[in-house]
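K.L.:
Here is what each chain is made of, one letter per residue.
2 protein chains.
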Amino acid sequence: MTGSPLNVQLLLTGNEIMSGDTVDSNSAMIAQRLGELAIGVYRKVTVGDDVPLLKEELAAMTATADLVIVNGGLGPTIDDLTAEILAAVAGVPLEEHPEAVAHLQRWCEKRNLHLNAANRKQAMLPAGAAIVDNPIGSAVGFEMTVGTCRVICTPGVPGELRSMLDGIVADLSARLQRPMERNILRLQTFGLGESTAQQMITDNMPDWPQEVELGFRAGAPQMEIKLTVNNAAAAAAQRRCREQLEQLFAGHIIGEGNITLAQRVLQLLRERGATLTTAESCTGGLIASLLTAVPGSSEGFHAGFVTYSNAIKQSVLGVREDTLAQHGAVSEEVVREMALGALDRASADYAIAVSGIAGPDGGSPEKPVGTVWLAWGDRDHIRTRGLCWPVERTLFQTMIAAAGLDMIRRILLGIEEEPRYFGQRRMR
Amino acid sequence: MTGSPLNVQLLLTGNEIMSGDTVDSNSAMIAQRLGELAIGVYRKVTVGDDVPLLKEELAAMTATADLVIVNGGLGPTIDDLTAEILAAVAGVPLEEHPEAVAHLQRWCEKRNLHLNAANRKQAMLPAGAAIVDNPIGSAVGFEMTVGTCRVICTPGVPGELRSMLDGIVADLSARLQRPMERNILRLQTFGLGESTAQQMITDNMPDWPQEVELGFRAGAPQMEIKLTVNNAAAAAAQRRCREQLEQLFAGHIIGEGNITLAQRVLQLLRERGATLTTAESCTGGLIASLLTAVPGSSEGFHAGFVTYSNAIKQSVLGVREDTLAQHGAVSEEVVREMALGALDRASADYAIAVSGIAGPDGGSPEKPVGTVWLAWGDRDHIRTRGLCWPVERTLFQTMIAAAGLDMIRRILLGIEEEPRYFGQRRMR
Chain A
2 MTGSPLNVQL LLTGNEIMSG DTVDSNSAMI AQRLGELAIG VYRKVTVGDD VPLLKEELAA
62 MTATADLVIV NGGLGPTIDD LTAEILAAVA GVPLEEHPEA VAHLQRWCEK RNLHLNAANR
122 KQAMLPAGAA IVDNPIGSAV GFEMTVGTCR VICTPGVPGE LRSMLDGIVA DLSARLQRPM
182 ERNILRLQTF GLGESTAQQM ITDNMPDWPQ EVELGFRAGA PQMEIKLTVN NAAAAAAQRR
242 CREQLEQLFA GHIIGEGNIT LAQRVLQLLR ERGATLTTAE SCTGGLIASL LTAVPGSSEG
302 FHAGFVTYSN AIKQSVLGVR EDTLAQHGAV SEEVVREMAL GALDRASADY AIAVSGIAGP
362 DGGSPEKPVG TVWLAWGDRD HIRTRGLCWP VERTLFQTMI AAAGLDMIRR ILLGIEEEPR
422 YFGQRRMR
Chain B
2 MTGSPLNVQL LLTGNEIMSG DTVDSNSAMI AQRLGELAIG VYRKVTVGDD VPLLKEELAA
62 MTATADLVIV NGGLGPTIDD LTAEILAAVA GVPLEEHPEA VAHLQRWCEK RNLHLNAANR
122 KQAMLPAGAA IVDNPIGSAV GFEMTVGTCR VICTPGVPGE LRSMLDGIVA DLSARLQRPM
182 ERNILRLQTF GLGESTAQQM ITDNMPDWPQ EVELGFRAGA PQMEIKLTVN NAAAAAAQRR
242 CREQLEQLFA GHIIGEGNIT LAQRVLQLLR ERGATLTTAE SCTGGLIASL LTAVPGSSEG
302 FHAGFVTYSN AIKQSVLGVR EDTLAQHGAV SEEVVREMAL GALDRASADY AIAVSGIAGP
362 DGGSPEKPVG TVWLAWGDRD HIRTRGLCWP VERTLFQTMI AAAGLDMIRR ILLGIEEEPR
422 YFGQRRMR
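Protein chains in written order, with our numbering: chain A, 2 to 429; chain B, 2 to 429.
Rather than coming from a laboratory, the hints here were simulated on the basis of the structure. Some hints here could point you the wrong way.
Repeated chains share a single entry, so a pair holds when one copy, or any two copies, can fit it.
DSSO-like cross-link-like pairs, simulated, lysine-lysine; straight-line CA separation at most 27 Å [as the list claims (entries may be wrong)]:
#1 K122 - K56
#2 K111 - K122
#3 K56 - K227
#4 K227 - K122
This is chain A alone, in the form it adopts within the complex (with noise of 0.2 Å):
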């Protein structure tokens, strides 16, 4: 198990994975554990209690694979499998494993609880395993090389596995004797389409270097643009990968990491000693309630409205009625005095303003569902922007409030540059 790179191969097994009743992040797991050690897995299978299947699953793993981990079916019930398995493919009896017995025993002892029959076939294990431990659980881990193959078998509760990964992953860093070079940068950023972006890198960086491995997770609504090098010597590489798309995407880069719209909003909003406030129609507190999610939000961010109604836009805000009656309350208008209604009641640095047709019903043929208005700024300068957004409600809702975050972002910084989506989510 030196030289590299390693075949990896994860087998698991229940059938409430199967069913679809339990999502398995237990794989995501095992993957990013091995991560560390730049070791990627090949190939994962997942199967149901199913001896022949598990079999036939195994057997053909350990045939091209340098290790298996086997996640699942070490538990007390008649469904729990990995045990016989493994002694089947590898040709050996199940026998009961002292160190297994005692641990059993430990753990009985511990919670002042009688060990059974069923706990004791957790002791059952191939002829010839050696024990993985179990910091937390009353089932060991075992392992035991079949062919070349090594095969590694770890319990489906996910506190348990966590605990058993750290002996694992330290256990294969000294054997491989790798240290952990992988870096993975993760870019976070705002108004970019996957397709956009992948056009314009294909465009504006006809050289990438075939070290540094592109990727992208689109998610809504921030895409992750992630530069993965699997040694020390490419780290100048991405480096350079990073300062181009930096220049690229430019203002469209919210920062490094796992950052949101919001803690970023609130960082600058901390740097600068300043605070923000909320006038919330179509979007409903959803700006509020991102930014309050942050730890900490409460020396930036004091007071939030939620103002639905007409009515509600003049008693709280001070929206003047004529506005309402002659602009309609998805107007330029009526945003920039909710904007300024809200500046003055909370007493606040800045103010995000909002009101909008989330739909599905509400619109018009002059102002359709997805139609929003928008204002940000301060009391000496008030900007706005008309934008069509028409997507489901929910979606809407979670575009448009991250849009009001980035426009006080991009304000807080000076960024004059117009983001890419006011030119795509024009109003006709």
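Add chain B to chain A, keeping to what the hints say.
P.N.:
Chain B in isolation, oriented as in the chain A frame:
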């Protein structure tokens, strides 16, 4: 594709699921939808964006399965390989599919976008493939038969997959002439834990009928109780179980299907022609946001206030300085005044007010993180309650917002009995 059981296999692709950056929930969604037709998934294989490996896996699957569903790899970027792989395995060329181009054009027009080359790649499909409509996204699905195996290729974006599965499941049901005999009844609850619910059922319903499968899905904030029967003859037993559960859990049941607390509250407000307002401190707009996420919420919800700081609690809601000085912001007296202030300013019939310590900072020995006061009711009768719910910030906000909505639901329904969590989350 008649006769049964069908051998169904899933092929899932994407570097982001291999690396563990994304947890694959799509395969669970597919399995659940197939479960409605009592079709099980035999095996699933997950691999990265690797052409030879994808070809090998798909070829092996088409040799043994009746139906293969491929998920992922339909997008516009160079790592989207599914069409290429299927063409290779089927031994046909890729060609531009006119319906797929038309779909892309409509998709772009609707969004005011220009159809670029990267997007156009999504119309290059295996010759002879049929389109599977994607009601949401730019990438169509497609299907074709390889040997005796039907292969359906679906998008990796969960929302797109979800809407595409409606059509796929209806089509399978028609082809298999298999009526959907399986009936799943879902009851949404709030304030019950999975183990508590299980124990209550074990203790109170010892004669649970074997033909009714009982399942729980614990989420935050709601828990779903699922009663599944596999044939029409068991419908009466399912109905009886439901009635008994309704007696047992009483006020903790919100409703049937996927209903949320916010939806239920808005429904009850509509039935009564009444309105609700919110005064939020520690939940920071989340209650307002949950309400306004529901289409048509403007009928029952006109105004919400996010009053994070003391000064704003005074200026916006009219909480008295004295009250704040004497009792602190997180107190029974302050939430009562917040509720009354909000009722007055919003001219609403009902109010929820919340003030608490979401953490991670801001706790004290007297008022530790997790301490929260709620007030709810109408002008004639404001009720209050202090709770201690010491969990991580986001979960705290989620649970407290839900508890606030639950209080309004309970008074609108005239439920006097206290919820179980009042006892469990008692203030020290």
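K.L.:
If a hint holds in the structure, say so; if it does not, say that too.
P.N.:
Each hint, compared with the structure:
1. K122 - K56: within (20 Å within a copy, 41 Å between copies)
2. K111 - K122: within (19 Å within a copy, 61 Å between copies)
3. K56 - K227: Between. Shortest inter-copy distance 26 Å satisfies the 27 Å Cα cut-off; intra-copy 38 Å does not.
4. K227 - K122: Result: close only across copies, 22 Å inter versus 42 Å intra.
Checked against the numbered hints above, the structure violates none of them.
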